[in-house]
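Based on the hints, put chain B in the right spot on chain A.
If you read the protein sequences in the order shown, they are chains A and B. Under this note's numbering, the letters of the first sequence match residues 15 to 236, in that order. Under this note's numbering, the letters of the second sequence match residues 11 to 284, in that order.
Some hints could be false.
Some chain A residues well away from chain B (every beta-carbon gap over 12 Å; in silico) [to be verified]:
1) R72
2) F80
3) V92
4) Y95
5) P158
6) G169
Label pairs and their computed distance ranges (CB to CB) [to be verified]:
7) K103(B) / S65(A): 27 to 33 Å
8) P109(B) / R227(A): 28 to 34 Å
9) A134(A) / Q176(B): 17 to 23 Å
10) K103(B) / T73(A): 32 to 38 Å
11) K12(B) / N131(A): 28 to 34 Å
12) L229(A) / K103(B): 28 to 34 Å
13) R227(A) / L146(B): 36 to 42 Å
14) P148(A) / S266(B): 34 to 40 Å
15) D245(B) / S65(A): 51 to 57 Å
16) M99(B) / P69(A): 31 to 37 Å
17) P163(A) / K241(B): 42 to 48 Å
18) M99(B) / A128(A): 42 to 48 Å
19) P163(A) / G238(B): 39 to 45 Å
Treat the hints as calculated values from the structure; they're not laboratory data. All residues carry an ideal CB built from backbone N, CA and C; glycine is no exception.
Here is how the chains run, residue by residue.
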Amino acid sequence: MTSLGQLFDVKYALHILPELARAATYTIGITLVGFAIALVLGLVLAIMRRSEFAPLARTTAFFIEFIRSTPLLIQVYVLFYVAPLYGFTMSALTAGTLGIAVHYACYVSEVYRAGLNGVARGQWEASCALSLSPWRTYTGVVLPQAIRPVIPALGNYLVAMFKDTPVLSAITVVELMQQAKNIGSETFRYLEPITMTGIFFLIISVTFASGVRHLERRVRLP
Amino acid sequence: MKRDLDPALGAAADASATTPMVRFRNVTKRYGALTVLDGLDLDVARNEKVAIIGPSGSGKSTLLRVLMTLDPLTDGVIDVDGEPLTHEMRGGKLVPASPRHVRQVRSKIGMVFQSFNLFPHMSALANVIEAPMSVLGLSKKEATERGRDLLSMVGLSEKCDHYPSQLSGGQQQRVAIARALAMRPKIMLFDEVTSALDPELCGEVLTVIRRLGEEHNLTMLMVTHQMGFAKDFADRVCFFSQGKIIEQAPPQQFFSAPQHERTRQFLRAVTEAL
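Extracted from the complex, chain B is given alone in its bound form:
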C-alpha cells in the first residue's frame, strides 16, 4: 500500500478519486507572436506518472511553468484537483482568481527545476524547512523533524548542515526534491531535473524519483530527455511538438510502435545520439 505524504489526506483523496488531478482545458500560451502552447487539452489522473518528451522549444517546459503559475496563461483554464487554478467560480462565472486562491490551489503542487534553484544562503535543512515554517506555519521543531525525515529519505541525512555550494549537483537536486516534498504536495513537477547533471549523478536523482513514485501517492509530470527512464517509469508518454501533443500512449506502445512520422523521426534522432 502506498502512503500519502500527508497521512491526513488519505480519506479525502478517495472521495474524489474519479476527477483528474490535473486537467488542461484549451490552454494557450503565447509570447508575443510566438505560440508556445496551442489550445492544449490534457487530463492527468490521480497518481499517474506522465513523461513529457519532445524537441526543445516545443512547449514542454512551458506546460509545467503555467501549471506552477510561473507564467500566466494567455487563454484556457487549468483545473487542479477539481478546482480551477487561476480562476474561481463567482456568480456562476469563471473569473480570474485572487492571489490568495491561487496560492491555496498552487500549494498542492511542488516543482523541481533543471538548475536546482536552492537558496544558496541557507543550509540544506534550512532550504527544506523554509516553506513549511513560513507558509504552513509549522514550528521550527516540527519543520526540522519533517525536514530531517525527508533529507534522510533522499539519502542526505549526513548533509543537513551543508550549504548548496558544498554539495554535488546530484545532492543539490535531491535536496530540491526534499524541499518540494516538505510542502506535502499531491502533484510533483520535474522540469528536466537531470539535464544539468553528468550521467553518473543522474542515476542517484532518478533513483530517488523512482522510489518516490513507488512509495507515495503522487501525481507526477516530468519533462525529460531520459528515454530509458520514461520507458520504465512512466504510465504514459506524451510527445510534444510545436505547442501540441502529437501523440500519447503507454510507454511500451509509444516506444515500440509510434504512430506519427514526427514521433518516429524524433525517436530515431534520440536513439542515434545515444
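Here chain A stands alone, though its shape is the one from the complex:
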C-alpha cells in the first residue's frame, strides 16, 4: 500500500482534478459540437453522393475519399497554419472543431450511405405513388428507416471522435490530454495527470456509449 501511495499521490491527484475536469468539459464540448456538425454534414455528403447528377456524385465521392485517406493531424494543421496564408483565419478551437467535424463527417457519410442503401426500393416507390415531395420522402420515409439500424455504427464514431480530440493539441487547443501534459511539465509528475486523463476518457466514452444504446432502445420499432 505504501509503495503505491508513493507512486500515485492521491492528494496531488485531487489537487489537479479541477483543472483536468475543466479541460474535460472543453473536450466534451468540442466532441459534441463537432459530432453534431459531422452528423448533418455527413448526411448532406451521403445524399449528394447518391445524386443522379453524375458530376456532383463524383466530386462528393472524391472529397470523401480524399479526407478519409489523409490524416486528421495534417488536416487540422492545414486549417490552422496554412489557411491563414490564404486569408482564412480561425481560432485554434474553431479550426480544430471544424477539422475534426469534417473529417468525421466523411466517415459518418459512409455509414449513412449503408443505411440509405438498406432502405427497400419499394419505400421510394410507395412515396412516389403517394406524390410525396423529395424532401418529405427523405425526412418522413427514408431517413427514419435508414438511420435506425446505423445508430450503433454512428455511436462508434462518436466515441472514436472523442478519443481523437488529443490530435487538436497539435494546433494549440488545450484539450484534456494537452492539459495533462501541461500539468506534468510544470510539476515533473506525469503519472497522476496521465492516469486521471485515461480515467476521464474511459468514463466519458462509456457514458457516450450507454447514451447511444439508450437512444437505440428508445427508437426501436415494435
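Just chain B now, with coordinates in the frame of chain A:
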C-alpha cells in the same frame, strides 16, 4: 348510385365522361436491349375495371409502373383524364413536363403493390394520413378523420395504432389500399396485390377491392393471377405477351372463347396449375 371518393369531383367528372380515363399512345419501354412494352395502345374508360393477365416478364407490371411514373417511358405518351402525364403542351408542341405537372397529374392515380410497401416506422393510421397531410395539406384532425373512415371501410378500425409488423399480410395490404385511397384517386392500380399472400388472406383483400369497385367511382387496372377474380369482377381482360396486348375481351368471352393460340395455351397452363 356509386359515390366518388371525393364528393366535390362528381360534376366535373360528368362533363368529360367521354374521354378515356387512361390512354396509352404508342407506349414503348426498353431496358437496354430488352423491349418490355412494344408500341402499346390502350384506352381505359372511366370507371372501367381492366384485368391484365399474362405470363411473367410479359410487361404487365411495367404497364402499371410507367403509368405511376415509377419508370420513365422510352417512347410514346400516356394521357390521364385527358391530360398528358409526362408531357405538357407548350407552344403547340408536346414537351417533357415539369416535375410539378407530373406530380399534379399523378395525384389522380393510386397504386397498391405486391409487397405492400407500408412504411414500417409508422402505425397503420400514420401510414394512411401521411400523404393527405404532407401533400394535400390537410390538418391532422381532418386527415385522421379521413384515415379512420378508410381503415374502417377496409375492416381495420381496430388496428389504427398497430404497426405493419404487428399485422398479417392481408391486413397490411388492406392498410395499403386505404393509404392509396386517402389521396382520393380516380384511378387505382393493383400490381399483383395478392401474390404475396396465402390463399386464405387473399380472399379478404379481394373482397375489399370488389367492394371498392361496387361502391365507388374508380377506374381500376389490375395485374393479377387470380383468374376467378378477373372473370367475375373485371369489365375487360387484356392478355399480355412479349410487351403487347395479344387479345382483349369481356371476361365471359375471353375465358370461354379465346381467339389466339397463345392465349389458349396460357389459359390451359393456368387451369392445369389449379
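Tested hints:
no., hint, result
1, R72, "holds (23 Å)"
2, F80, "holds (33 Å)"
3, V92, "holds (41 Å)"
4, Y95, "holds (46 Å)"
5, P158, "violated (5 Å)"
6, G169, "holds (20 Å)"
7, K103(B) / S65(A): 27 to 33 Å, "holds (30 Å)"
8, P109(B) / R227(A): 28 to 34 Å, "violated (41 Å)"
9, A134(A) / Q176(B): 17 to 23 Å, "holds (19 Å)"
10, K103(B) / T73(A): 32 to 38 Å, "holds (35 Å)"
11, K12(B) / N131(A): 28 to 34 Å, "violated (44 Å)"
12, L229(A) / K103(B): 28 to 34 Å, "violated (55 Å)"
13, R227(A) / L146(B): 36 to 42 Å, "holds (39 Å)"
14, P148(A) / S266(B): 34 to 40 Å, "violated (49 Å)"
15, D245(B) / S65(A): 51 to 57 Å, "violated (44 Å)"
16, M99(B) / P69(A): 31 to 37 Å, "holds (32 Å)"
17, P163(A) / K241(B): 42 to 48 Å, "holds (44 Å)"
18, M99(B) / A128(A): 42 to 48 Å, "holds (44 Å)"
19, P163(A) / G238(B): 39 to 45 Å, "holds (41 Å)"
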